[in-house]
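So the sequence lines, in the order shown, correspond to chains A and B. Heads up, the first sequence is in the UniProt record's numbering, so the first residue is 1 and it goes up one at a time. Heads up, the second sequence is in the UniProt record's numbering, so the first residue is 1 and it goes up one at a time.
A few of these clues could be false.
[Stated by the list, open to error] Straight-line Cα separation of at most 25 Å, DMTMM-like style, residue types lysine to aspartate or glutamate; simulated pairs:
id : chain 1 : residue 1 : chain 2 : residue 2
1  : B       : Lys196    : B       : Glu206
2  : B       : Lys44     : A       : Asp79
3  : B       : Lys44     : B       : Glu169
4  : B       : Lys27     : B       : Glu169
5  : B       : Lys27     : B       : Glu75
6  : B       : Lys52     : A       : Glu40
7  : B       : Lys82     : A       : Asp60
8  : A       : Lys110    : A       : Asp99
9  : B       : Lys198    : B       : Glu64
10 : B       : Lys198    : B       : Glu37
11 : B       : Lys200    : B       : Glu16
12 : A       : Lys102    : B       : Glu80
13 : A       : Lys30     : B       : Glu64
14 : B       : Lys76     : B       : Glu190
15 : A       : Lys94     : B       : Glu26
16 : B       : Lys76     : B       : Glu25
17 : B       : Lys76     : A       : Glu14
18 : A       : Lys110    : B       : Glu26
19 : A       : Lys53     : B       : Glu62
20 : B       : Lys76     : B       : Glu37
21 : B       : Lys150    : B       : Glu62
22 : B       : Lys44     : A       : Glu40
23 : A       : Lys94     : B       : Glu80
24 : A       : Lys30     : A       : Glu14
25 : B       : Lys52     : A       : Glu72
26 : B       : Lys27     : A       : Glu40
27 : A       : Lys110    : B       : Glu22
28 : B       : Lys196    : B       : Glu26
29 : B       : Lys161    : B       : Glu37
30 : A       : Lys102    : B       : Glu75
31 : A       : Lys102    : B       : Glu22
32 : A       : Lys53     : B       : Glu37
Hints in this document: simulated from the structure, not taken from any laboratory.
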Amino acid sequence: MAGRGKLIAVIGDEDTCTGFLLGGIGELNKNRKPNFLVVEKDTSITEIEETFKSFLARSDIGIILINQFIAEMIRHAIDAHMQSIPAVLEIPSKEHPYDASKDSILRRAKGMFSAEDFR
Amino acid sequence: MGLDPVSVNLDQKLLEFMDQLELLEEKRQRLNSLIEEGWFNISKARYSMGNKQVSALQFASEIEPQICVHSSLSEKGNVEFKCERTEPKTEELEPSGTVENIGPKEGGLRRRTKIKQKETTVEETSKCEKESQDSIKSEKSPCQHQDPLKWFGILVPQNLKQAQAAFKEVITLSAEIATLQSAILATRMEMQTQMKEKHKIQSVLEG
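Please model the entire structure based on the sequences and the hints provided.
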């Protein structure tokens, strides 16, 4: 592993993963566990959720990048993650452009201006 | 009548919060356009190389990260992420290691007469030793930090290189966005605590 820094993990479609791996973030550790998951048509939601949770549990991961349409499938798991490390970043995918209104962080920030906060 | 310090502080935080959101929006737009550019170049490379030549099947069996993020907790309580790229070591080693093996092993003319046979045998043995050492060296330095571009072939199209450059920039940008998101959440927390303080003061004044 490079230095003492943390890794960047990716959960996304084939092209997203290929792109980020080209960028040099990929890793296969000693247990042959990758820091990425290529989501295909037949990938189940439970598999995605388990991988996401395993990335959250890994201490060597600093940022998790996830396609927004995949994040939508496991929204409850993403909303439940409140720690700042690893940071979860929602990115667009080829078929689904980025929608800020669906982003967990922005929805939390928007919650600041709800009626509850001004009471 | 002037505003109380809590309200002034709250206003400042709100402005800071808005600035951060604006910056996030800008960075998001840049990230989205870069990712799009990357995909477009991957698709172009796929078109020129063949449909199955740029896919997950080409990923290497040994993958080493070339980039890592350093996280540090700032004074305000938000996390800062900084990307660090490790330079590929093999690129420096390759010329000295491989060129020697390919080039002529003996310089100059070879002396074929059997005069000084003993000397030549000594020279040959020393050369053999050197060669074996070189081969050991080249075996010892396999591509630990191999460029992921080489998974897809040696002579890859320019588009794939452009895609790689775009995604490298996306990675550094994503670290910046992660820092900004953390800062936004920290500001939000501060605002909430100050809002509670303000409510307390108001209730005391009313009561």
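Margin query: Just to be careful, I want the Cα atoms of B:Lys196 and B:Glu206 compared with a cutoff of 25 Å; is the pair within it?
Written below: holds, 15 Å
Margin query: What's the verdict on A:Lys94 and B:Glu80, does the C-alpha distance respect the 25 Å limit or exceed it?
Written below: Violated, at about 29 Å.
Margin query: For a C-alpha distance cap of 25 Å, please report whether B:Lys44 and B:Glu169 respect it.
Written below: holds, 19 Å
Next item on the list: For the pair supplied as a hint, A:Lys110 and B:Glu22, confirm whether the alpha-carbon distance does not exceed 25 Å.
Entry: holds, 13 Å
Note to self: For B:Lys76 and B:Glu37, compute the direct alpha-carbon distance and say whether it is at most 25 Å.
What the structure shows: violated, 35 Å
Margin query: So if I understand the rule, the pair passes when the alpha-carbon distance is 25 Å or less; does A:Lys53 with B:Glu62 pass?
Written below: Since the Cα atoms of A:Lys53 and B:Glu62 sit roughly 24 Å apart, the hinted pair holds (cutoff 25 Å).
Margin query: Holds or violated: B:Lys198 and B:Glu37, Cα atoms, limit 25 Å.
Written below: violated, 48 Å
Checklist line | Hinted pair B:Lys196 and B:Glu26, Cα distance within 25 Å | finding: Violated, at about 31 Å.
Next item on the list: Please work out if B:Lys150 and B:Glu62 have their alpha carbons no farther apart than 25 Å.
Entry: Distance of about 13 Å is within 25 Å: holds.
Next item on the list: Given the hint that A:Lys102 pairs with B:Glu22, test it: the Cα-Cα distance must not exceed 25 Å.
Entry: holds, 17 Å
Note to self: Would the hint linking B:Lys200 and B:Glu16 be met if the CA-CA limit is 25 Å?
What the structure shows: The hint holds at about 23 Å.
Check: Holds or violated: are the alpha carbons of A:Lys102 and B:Glu75 at most 25 Å from each other?
Finding: Violated, at roughly 30 Å.
In summary, the numbered hints that this structure violates are 2, 9, 10, 17, 20, 23, 25, 26, 28, 30 and 32.
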